[in-house]
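Trainee: Below are the chains, spelled out letter by letter.
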Amino acid sequence: MARLLTESGVSRNAFYSLARKDSVLPNSIRAIAARLGVRTSDFLQDEDVRIAKASLLLRKVDKITGKYPDVDRENAKHTLLLLEEEPVERLRRALIRGQKPDIH
Amino acid sequence: MGKNLIFTDTEVAFLRELKRQKVEFMIVGLSAAALQGAPVVTQDVDLWFANLDDPNLRKALKRVGGIFIPSSGLNPPMLAGDSVKLFDIVVNMHGLKSFSEELLTAEMVRLGGVRIPVLPLARIITSKSAVGREKDRIVMKVLQDALKSRMALAPRRSQGPSGRLSRSKAG
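So the sequence lines, in the order shown, correspond to chains Z and D. Taking my numbering, the leading residue of the first sequence gets 193, the next gets one more, and so forth. Taking my numbering, the leading residue of the second sequence gets 213, the next gets one more, and so forth.
Just chain Z, with the same shape it has in the complex (with noise of 0.2 angstroms):
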């Protein structure tokens, strides 16, 4: 235990602090988890599907801009984005952008 917190750059003092609590995460969080009726590792487990999410989206734009070197990389994020959109949705995005006369 010694060796892993001193590796993991972590002090006794912390680590202690951690283990006699009920739970590490805040109670402002469990009191969330609990007024919404669901499990704290929730909230956790929407982070890692985000996360995931992004991964593949950025892997996705690894393989267009490897078979195409010239394509523009946001250019291809944006259009990954919309194609996970319905068709009238993106349409709308169009719309709405275009006919919002401050935009420079």
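If you're looking for bench data, these hints aren't it; they were derived computationally from the structure. Please note: incorrect hints may appear among the correct ones.
[As the list claims (entries may be wrong)] Listed below are the simulated DSS-like cross-link pairs for lysine-lysine, each with C-alpha atoms no more than 30 angstroms apart in a straight line:
{"no.": "1", "chain 1": "D", "residue 1": "K347", "chain 2": "Z", "residue 2": "K269"}
{"no.": "2", "chain 1": "D", "residue 1": "K347", "chain 2": "Z", "residue 2": "K259"}
{"no.": "3", "chain 1": "Z", "residue 1": "K245", "chain 2": "Z", "residue 2": "K255"}
[As the list claims (entries may be wrong)] Reference listing, derived: stretches of chain Z covered by chain D, where coverage requires no fewer than 3 residues with Cβ under 8 angstroms from a Cβ of chain D:
{"no.": "4", "stretch": "207-220"}
{"no.": "5", "stretch": "225-236"}
[To be verified] Residues from chain Z that keep clear of chain D, each with C-beta distances beyond 12 angstroms, as calculated:
{"no.": "6", "residue": "A194"}
{"no.": "7", "residue": "R195"}
{"no.": "8", "residue": "L196"}
{"no.": "9", "residue": "D240"}
{"no.": "10", "residue": "V241"}
{"no.": "11", "residue": "G258"}
{"no.": "12", "residue": "K259"}
{"no.": "13", "residue": "D262"}
{"no.": "14", "residue": "N267"}
{"no.": "15", "residue": "L273"}
Just so it is clear, the structure is predicted and the values come from calculations on it, not from any experiment. Beta carbons are placed, not taken as given, at the ideal position from N, Cα and C, and that holds for glycine.
Given the coordinates of chain Z, assemble chain D onto it according to the supplied hints.
Mentor: Relative to the frame of chain Z, chain D by itself:
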């Protein structure tokens, strides 16, 4: 909330009515590109009709409270009325084949429960290259990148002559 939305059931109702009346048309231009995922902006939805004299076009317009205004002088024909104000009529599509030939390779996109023919991205690029206006040149890179992005992620499909993504014979 609904008032803030653009392209609502009102506009979809017009497209649905065009289909119901069997009016031959397709969505072209940047709105067509947006429907296929291109990150572009546009101010209207361009419609290309097989025949502007089709009486069913008038019938569809009437059902949604719109009217057809024929061309006069330098002004091209247009649609008027709240329900159709987002739509523009395109008379000539430069660099393309006839309407009926292009319709054969149109992408079918589901909008509000109806399948609407949409000019494929590659054909939009061809058309805009032929016109060559400054605003077309500005958006060309985005359109080409969007097309390549779709093609790169469709390994089992190949780009047909129309630009439509079709199943590869080898696949």
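Trainee: Against this structure, judge whether each hint is valid.
Mentor: Hint-by-hint comparison with the structure:
1. Distance check on the hinted pair: K347 (chain D) and K269 (chain Z) sit about 23 angstroms apart at the alpha-carbon level, within 30 angstroms; holds.
2. Distance restraint check for K347 (chain D) and K259 (chain Z): the Cα-Cα separation of roughly 28 angstroms lies within the 30 angstroms cut-off, and the hinted pair is therefore satisfied.
3. A C-alpha spacing of about 15 angstroms is found between K245 (chain Z) and K255 (chain Z), which places the hinted pair at or below 30 angstroms, so the restraint holds.
4. Given a C-beta distance limit of less than 8 angstroms, the hint that chain D covers the stretch 207-220 of chain Z is violated, as 0 residues qualify and 3 are needed.
5. With 0 residues having a Cβ less than 8 angstroms from any Cβ of chain D, the stretch 225-236 of chain Z misses the three-residue criterion, and the hint is violated.
6. Separation of A194 (chain Z) from chain D is adequate, the least Cβ-Cβ distance of about 50 angstroms exceeding the 12 angstroms criterion.
7. Every beta carbon of chain D lies more than 12 angstroms from that of R195 (chain Z), the smallest distance being close to 47 angstroms; the non-interface claim holds.
8. For L196 (chain Z), the condition that its CB be more than 12 angstroms from all CB atoms of chain D holds, with the nearest at approximately 43 angstroms.
9. Interface exclusion of D240 (chain Z) from chain D stands, the closest Cβ pair being 24 angstroms apart, more than 12 angstroms.
10. With a closest Cβ-Cβ approach of about 21 angstroms to chain D, V241 (chain Z) is found to remain outside the 12 angstroms limit, as its non-interface label requires.
11. Its closest Cβ contact with chain D, about 8 angstroms, brings G258 (chain Z) to no more than 12 angstroms, contrary to its assignment away from the interface.
12. Look at K259 (chain Z): its CB is around 4 angstroms from the nearest CB on chain D, not clear of 12 angstroms, so calling it non-interface is violated.
13. For D262 (chain Z), the shortest C-beta to C-beta distance to chain D comes to about 8 angstroms, within the 12 angstroms cut-off, and the non-interface label is violated.
14. The non-interface label for N267 (chain Z) is inconsistent with chain D: the shortest C-beta to C-beta separation is roughly 4 angstroms, within 12 angstroms.
15. For L273 (chain Z), the condition that its CB be more than 12 angstroms from all CB atoms of chain D is violated, with the nearest at approximately 8 angstroms.
Consistency note: the structure conflicts with the earlier hints numbered 4, 5, 11, 12, 13, 14 and 15.
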